[in-house]
Amino acid sequence: MDLVQQFQKHWQKNFCHLSPANCQLLLAVSGGADSVVLVDLVDKSGFSYTMVHVNFQLRGEESERDEIFVRSLGEKYGKEVLVKKIDTKLYALANKLSIQEAARELRYHWFSEIIESKLQNPGDPDLTSVNHHLSSNLFTATAHHADDTIETMLMHFFRGTGIQGLTGIQPLLTERRLLRPLLCFRKTDLLEYAQAAGLNFVEDSSNASDKYTRNFFRNRLLPEIREVFPTVEENLLHNADRFREAAVLYQQAVQLHIGKLVEQKGAEWHIPVLKWKKINPLHTITWELIKPYGFTAAQTTEVIKLLDAENGSYISSLTYRIIRNRNWMIIAPNNDTTAQHILIEKEDTSIHFQNGSLLITHTSDLPGVTADCILKTVNAQQEAFIDLAAIQYPLLLRKAKTGDYFYPLGMQKKKKLSRFLIDLKLSKTDKEKVWVLESNQRILWVVGYRLDNRCKITGQTKNCLHITYLK
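In terms of this note's numbering, the sequence shown opens at residue 3 and continues consecutively.
It is worth saying that the hints were derived from the structure and are not from the lab. One should not assume that every hint holds.
What the hints assert, rightly or not - Only pairs whose alpha carbons sit at most 20 Å apart, straight line, appear in this in silico SDA-like list of lysine to any residue:
1. Lys348 with Asn336
2. Lys401 with Leu426
3. Lys86 with Val204
4. Lys348 with Arg444
5. Lys81 with Gln59
6. Lys98 with Thr363
7. Lys91 with Arg444
8. Lys189 with Arg220
9. Lys86 with Gln59
10. Lys473 with Ile332
11. Lys401 with Glu440
12. Lys46 with Leu5
13. Lys378 with Val85
Please put together the full structure from these sequences, using the hints given.
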């Protein structure tokens, strides 16, 4: 059986509800051998698809080369290619992430944005290749293969992520509309197919560097283990299958315990202290209970200690707090993550809110005074320049509200913000996500959309507030 037939058989086994007749795919294409083979197999299997490529701008000319190659791949197959350029280093710095974490977060966030946009706006001209009647079954497909599962299992094992982490990469995540149809193939299978089919691809030079965690496992650890256990990869793949079945039983038991413990009250979850303390096994159930709220495995022991702590004691994750409140443990959202009003003082240099981050500097290095210079938008970031003389601290970053108005850049008359957003043809959910930056009860900026004309820099401006908005 050739690789195309194996691919189609694997697809039927794992994604039987999706077929060329009823679904549309967004193919994540880096330009490497794996993603090029994915494109060829999907194309030969008759699926309707669009290629999507992220230029992370991490490897200079090589990143540009990859983008050009993927665009040429689109021409070869006669398919549309959507490309997004992102300043990954800046995003990683602003969000205190590693480059790997930032790239992954940005990549999947963009894929989700495309799908959400298509589902809400089926006539979106930016996605003309997506057939309207297939849009309800729109999925992103990535080129992860069996070797990726092996490496992921090992990384999860050493990080201590528990039994679920030992199941490797999942073929289908329905809630994220994400599927991985190459997980049954080894890397060597894909390379042999590419060679036999005469497929060109590009090599990522960073794959040879061990500074990235995955590359260390791929290039150093696995070859060393293979010298002692020659069939280590096959054994790990078999183990992954067994762990998946065990994980199903494990989750059933865990949810049964948690269901008897937790009482939801509005945005909070309440658990009786005595019931929690009597749970057996205490450490395992505690970890599974706190994990969905952003707590780490290392915090499990501290949460257990909290069961005997003084009233009012608490421990926090980035998004939630667990509070000892007399005879109850309360899991509640952190105030800073749900804040609708954020004060910005003169000394603040970065602000994180629901829509992203603002990086703030004061400068006398002024851009030109045209609208394009005062408010520049490039891919996932926007730069705004505001006359420092027009503002008064503290500034207020808040959700837009009924009755808001401002003077849109380039206009001398005020306009209701609600009418401005209607003119932009934003969806209801997008309107609900709009934030504004104001000074002394006067809007300076509808964040991500338009500056107020009264605070723009002019020929008389000496100093300005430079804000970079990272979505």
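Hint check results:
For the suggested pair lysine 348 and asparagine 336, the alpha carbons sit about 25 Å apart, so the restraint of at most 20 Å is broken. Note on lysine 401 and leucine 426: the hinted pairing holds, with a Cα-Cα distance of about 18 Å set against a maximum of 20 Å. The hinted pair formed by lysine 86 and valine 204 meets the criterion: a straight-line CA distance of about 18 Å does not exceed 20 Å. Straight-line distance between C-alpha atoms of lysine 348 and arginine 444 comes to about 17 Å, which keeps the hinted pair within the 20 Å bound.
Our distance criterion of 20 Å between C-alpha atoms is broken by lysine 81 and glutamine 59, whose separation comes to about 24 Å. For a cut-off of 20 Å, the pair hint linking lysine 98 to threonine 363 stands: about 18 Å separates their Cα positions. A threshold of 20 Å between alpha carbons decides the hint, and for lysine 91 with arginine 444 the separation of about 33 Å lies outside it, so the pair is violated. Using a Cα cut-off of 20 Å, the hinted pair lysine 189 and arginine 220 holds, with the two alpha carbons roughly 12 Å apart.
Annotation: proposed proximity of lysine 86 to glutamine 59 holds, straight-line Cα distance about 10 Å (limit 20 Å). For the proposed pair lysine 473 and isoleucine 332, the alpha carbon gap of about 32 Å is over 20 Å, so the pair is violated. This hinted pair checks out: lysine 401 and glutamate 440 have alpha carbons roughly 11 Å apart, not beyond 20 Å. Using a Cα cut-off of 20 Å, the hinted pair lysine 46 and leucine 5 holds, with the two alpha carbons roughly 11 Å apart.
A C-alpha spacing of about 19 Å is found between lysine 378 and valine 85, which places the hinted pair at or below 20 Å, so the restraint holds.
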